[in-house]
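There are 2 protein chains.
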Amino acid sequence: MRAMIIGAAGMLGAKLSTQIAQGAVPGITDLVLVDRIAPAPVPGLPCQCLAADLGAAGAAAELAALAPDLVFHLAAVVSGQAEAEFDTGYAVNLDASRALFEALRALETRPRVVFASSLAVYGPPFPDVVPEDFVLRPASSYGTQKAMVELLLADYSRKGFLRGTSLRLPTVSVRPGAPNAAASGFLSGILREPLAGQAANCPVPDVTRVWIASPDVTVAGLAHAAALDWDRIAPHPVLNLRGISVTVGEMLDALEQQAGPDARALVSRNPDPAIARIVQSWPEAFVTDTAAALDFPVNPDFPAILREYIDQYA
Amino acid sequence: MRAMIIGAAGMLGAKLSTQIAQGAVPGITDLVLVDRIAPAPVPGLPCQCLAADLGAAGAAAELAALAPDLVFHLAAVVSGQAEAEFDTGYAVNLDASRALFEALRALETRPRVVFASSLAVYGPPFPDVVPEDFVLRPASSYGTQKAMVELLLADYSRKGFLRGTSLRLPTVSVRPGAPNAAASGFLSGILREPLAGQAANCPVPDVTRVWIASPDVTVAGLAHAAALDWDRIAPHPVLNLRGISVTVGEMLDALEQQAGPDARALVSRNPDPAIARIVQSWPEAFVTDTAAALDFPVNPDFPAILREYIDQYA
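Sequence order for the protein chains is W and C. Residue numbers for the first sequence, in full-length UniProt numbering: 1 to 314. Residue numbers for the second sequence, in full-length UniProt numbering: 1 to 314.
So here's chain W without its partners, still in its complex pose (with noise of 0.2 angstroms):
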């Protein structure tokens, strides 16, 4: 069977890349990885590396026209972008990956689809805990072009055409790489910085309480949904993936249990109220019963959060 990854040159795309040729779904012989520029080959088995601009009139066809049986769609203008840049976002977000879905309709083999989506679908106001099936109420573009694609794949799945599956994904931490403008960055860098020797801002109290899941995890969710029998996942369309609630205080304490007082004071305490304002829009936990009784993983707490990026990166 073969295994198509759209936007394979992405932090996440890349990890799954290497997870599904390490054997994170069965059956898998074979990957075509996708994004804008080439991803480069990961080992384990045999890789298609393609340049392709998912958008581009004729894209979607060719990507279909080499058969894939299972397609992981990663590709998206993110949510700052989506939001400066409407036409795009509407272009890339929602109009690419509908090409996409009709194009691997017309191959009439029913290929699995398994769609990053984003908790971006819901917005204020939030109760405590998010129950699965709050009301969609966005307040973002990229949100409502992300609710949006979830409704179109339900469809396609519900008449038979796709074996589609939609994930909201929890914010990812910690993430390697350079910092980013986005306004959860710092829930990163917090971390990054420091264990690189480098200093950090973090622009939030401490009891600020975030919904986050590791980058390894998160993307071991992805290929749980691709590799778990239809019937059982087929009565969930959209799924939010499993994370963990922690506060702001509690990675600070992790990161000087792990590396010590001298990394803790690399991170400086500047408060940016935009930024925390954003920040604390954002719901501090869900509801997850669905993906933990569908065997989805979770990570078990913040320490393993951050043992698995020093593990890799530190």
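Be a bit skeptical, because a hint or two may be false.
Taking lysine to any residue and the SDA-like style, the derived pairs with C-alpha atoms no more than 25 angstroms apart in a straight line are [what the hints assert, rightly or not]:
{"hint": "1", "chain 1": "W", "residue 1": "Lys159", "chain 2": "C", "residue 2": "Pro124"}
{"hint": "2", "chain 1": "C", "residue 1": "Lys159", "chain 2": "C", "residue 2": "Asp231"}
{"hint": "3", "chain 1": "W", "residue 1": "Lys159", "chain 2": "C", "residue 2": "Ser281"}
{"hint": "4", "chain 1": "W", "residue 1": "Lys159", "chain 2": "W", "residue 2": "Ala61"}
{"hint": "5", "chain 1": "C", "residue 1": "Lys159", "chain 2": "C", "residue 2": "Leu66"}
{"hint": "6", "chain 1": "C", "residue 1": "Lys159", "chain 2": "W", "residue 2": "Ile275"}
{"hint": "7", "chain 1": "W", "residue 1": "Lys159", "chain 2": "C", "residue 2": "Val78"}
{"hint": "8", "chain 1": "W", "residue 1": "Lys159", "chain 2": "W", "residue 2": "Asp133"}
{"hint": "9", "chain 1": "W", "residue 1": "Lys159", "chain 2": "C", "residue 2": "Arg137"}
{"hint": "10", "chain 1": "C", "residue 1": "Lys159", "chain 2": "W", "residue 2": "Pro273"}
{"hint": "11", "chain 1": "C", "residue 1": "Lys159", "chain 2": "W", "residue 2": "Thr88"}
{"hint": "12", "chain 1": "C", "residue 1": "Lys159", "chain 2": "W", "residue 2": "Ala182"}
{"hint": "13", "chain 1": "C", "residue 1": "Lys159", "chain 2": "C", "residue 2": "Glu102"}
{"hint": "14", "chain 1": "W", "residue 1": "Lys159", "chain 2": "W", "residue 2": "Asp229"}
{"hint": "15", "chain 1": "W", "residue 1": "Lys159", "chain 2": "C", "residue 2": "Arg98"}
{"hint": "16", "chain 1": "W", "residue 1": "Lys159", "chain 2": "C", "residue 2": "Thr88"}
{"hint": "17", "chain 1": "W", "residue 1": "Lys159", "chain 2": "C", "residue 2": "Ser184"}
{"hint": "18", "chain 1": "C", "residue 1": "Lys159", "chain 2": "C", "residue 2": "Asp133"}
{"hint": "19", "chain 1": "W", "residue 1": "Lys159", "chain 2": "C", "residue 2": "Pro125"}
{"hint": "20", "chain 1": "W", "residue 1": "Lys159", "chain 2": "C", "residue 2": "Asp95"}
Pair by pair, the computed Cβ-Cβ distance ranges are [what the hints assert, rightly or not]:
{"hint": "21", "chain 1": "W", "residue 1": "Val78", "chain 2": "C", "residue 2": "Gln48", "range": "39 to 47 angstroms"}
{"hint": "22", "chain 1": "C", "residue 1": "Gly177", "chain 2": "W", "residue 2": "Val78", "range": "44 to 52 angstroms"}
{"hint": "23", "chain 1": "C", "residue 1": "Ala91", "chain 2": "W", "residue 2": "Val78", "range": "23 to 31 angstroms"}
{"hint": "24", "chain 1": "W", "residue 1": "Ala57", "chain 2": "C", "residue 2": "Asn180", "range": "34 to 42 angstroms"}
Calculated from the model, a selection of chain C residues having no Cβ within reach of chain W, i.e. all distances over 10 angstroms [said to hold, decoys possible]:
{"hint": "25", "residue": "Gln81"}
{"hint": "26", "residue": "Ala276"}
{"hint": "27", "residue": "Pro303"}
Since the hints were derived computationally from the structure, they do not count as laboratory data. Virtual Cβ for every residue (Gly too), placed ideally from N, Cα, C.
Assemble the complex: chain W is given as a structure, and chain C must be docked to it using the hints.
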């Protein structure tokens, strides 16, 4: 101010045209009535009556060029056709709506838009009374398309491109005109046909409970949304219109009270399990506190709904 009604030749569109021409939305000074076949003009205001297919290339831009200040968007492929003709449903119910919103956005005048959505955005399993923020889990392509357009219109409004409101309509009864093939058709037929001295069949038991509103009150709800101060309705981009929850037995009791036992005797009771299964899968009642707080109209009871029909048609 110019109001445009797209879908003005339909039963609700024609009634809405008449209500607007009679002053239901203060400040409207002329009407543009649009449908695939040019609607008839209505007395009371200057009318342009246009034949246009909103899904045709350039049609949305041509309509927007008429610079409406208020647009009622009622045009749609109905549920059965959207399910049987997947591509047509998406083209008309999703793509044409999006083309309309884009063309209106380009005006840069932030026109008011009232979109006729559907309770089909919800899917089973249902609680006895469906809350206002019940999860979007449509069980049909029609419901999926309506949910996607609701999300799109809310995002266009949030971005300041339009001032849009989506209204989810109850089942409309008593509909005038010929019987139709909809599963809900008997909810009008068991009243309309006997009132005309004709036989009708009721395919479900007396205890079957349904959520309905009369044509006039449904249309008054659309007009009310347009007449409300934008500041009041803007926080509610999607609303369930008010309805009443009645049993089929109560509907037939009202028929007997207002038209006599001979009228009721024209209603045969041959069960149709297929129709019963569909109708019994629909929710029996909805919470509509928001619409009530915003002073949307509601029928007091089923006898009043039946009297509305008799006064106009029987």
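Cross-check of the supplied hints:
The suggested pairing of Lys159 (chain W) with Pro124 (chain C) holds, with an alpha-carbon distance near 17 angstroms, which does not exceed 25 angstroms. For the given pair, Lys159 (chain C) sits about 15 angstroms from Asp231 (chain C) by alpha-carbon distance, which is consistent with the 25 angstroms threshold. Of the supplied pair hints, the one linking Lys159 (chain W) and Ser281 (chain C) holds, its CA atoms being roughly 19 angstroms apart against a limit of 25 angstroms. A distance of roughly 20 angstroms separates the Cα atoms of Lys159 (chain W) and Ala61 (chain W); the hinted pair therefore holds under the 25 angstroms criterion.
Simply put, Lys159 (chain C) and Leu66 (chain C) have alpha-carbon atoms about 23 angstroms apart, close enough for the 25 angstroms limit, and the pair holds. Distance restraint check for Lys159 (chain C) and Ile275 (chain W): the Cα-Cα separation of roughly 21 angstroms lies within the 25 angstroms cut-off, and the hinted pair is therefore satisfied. For a cut-off of 25 angstroms, the pair hint linking Lys159 (chain W) to Val78 (chain C) stands: about 17 angstroms separates their Cα positions. For the given pair, Lys159 (chain W) sits about 22 angstroms from Asp133 (chain W) by alpha-carbon distance, which is consistent with the 25 angstroms threshold.
With a C-alpha separation of about 14 angstroms, the suggested pairing of Lys159 (chain W) with Arg137 (chain C) holds against the 25 angstroms cut-off. A distance of roughly 23 angstroms separates the Cα atoms of Lys159 (chain C) and Pro273 (chain W); the hinted pair therefore holds under the 25 angstroms criterion. Our distance criterion of 25 angstroms between C-alpha atoms is met by Lys159 (chain C) and Thr88 (chain W), whose separation comes to about 14 angstroms. With a CA separation close to 20 angstroms, the supplied pair Lys159 (chain C) and Ala182 (chain W) stays within the 25 angstroms bound.
Between Lys159 (chain C) and Glu102 (chain C) the alpha-carbon distance is near 12 angstroms, which keeps this suggested pair within the 25 angstroms criterion. The suggested pairing of Lys159 (chain W) with Asp229 (chain W) holds, with an alpha-carbon distance near 19 angstroms, which does not exceed 25 angstroms. At most 25 angstroms may separate the alpha-carbon atoms for a hinted pair to count; Lys159 (chain W) and Arg98 (chain C) meet this at roughly 23 angstroms. The suggested pairing of Lys159 (chain W) with Thr88 (chain C) holds, with an alpha-carbon distance near 14 angstroms, which does not exceed 25 angstroms.
A hinted pair counts as satisfied when its Cα atoms are at most 25 angstroms apart, and Lys159 (chain W) with Ser184 (chain C) qualifies at roughly 23 angstroms. With a C-alpha separation of about 22 angstroms, the suggested pairing of Lys159 (chain C) with Asp133 (chain C) holds against the 25 angstroms cut-off. In summary, the hint linking Lys159 (chain W) to Pro125 (chain C) is supported, as the alpha carbons are separated by about 19 angstroms, within the 25 angstroms threshold. Restraint check for Lys159 (chain W) and Asp95 (chain C): the C-alpha separation of about 19 angstroms stays at or below 25 angstroms, so the hint holds.
Distance hint for Val78 (chain W) and Gln48 (chain C): a CB-CB separation of about 44 angstroms, consistent with the stated range 39 to 47 angstroms. As the Cβ distance of Gly177 (chain C) to Val78 (chain W) is approximately 51 angstroms, the hint placing it in 44 to 52 angstroms holds. Between Ala91 (chain C) and Val78 (chain W) the beta carbon distance is about 30 angstroms. The supplied range of 23 to 31 angstroms therefore holds. Evaluation of the 34 to 42 angstroms hint for Ala57 (chain W) and Asn180 (chain C) yields a pass: the beta carbon distance comes to about 41 angstroms.
A cut-off of 10 angstroms between C-beta atoms confirms that Gln81 (chain C) is not in contact with chain W; the least separation is 14 angstroms. With a least CB separation of 22 angstroms from chain W, Ala276 (chain C) remains clear of the 10 angstroms interface cut-off, as annotated. Taking the minimum C-beta to C-beta distance to chain W, about 35 angstroms, the non-interface status of Pro303 (chain C) holds against the 10 angstroms cut.
Hint violations for this structure: none, all hints satisfied.
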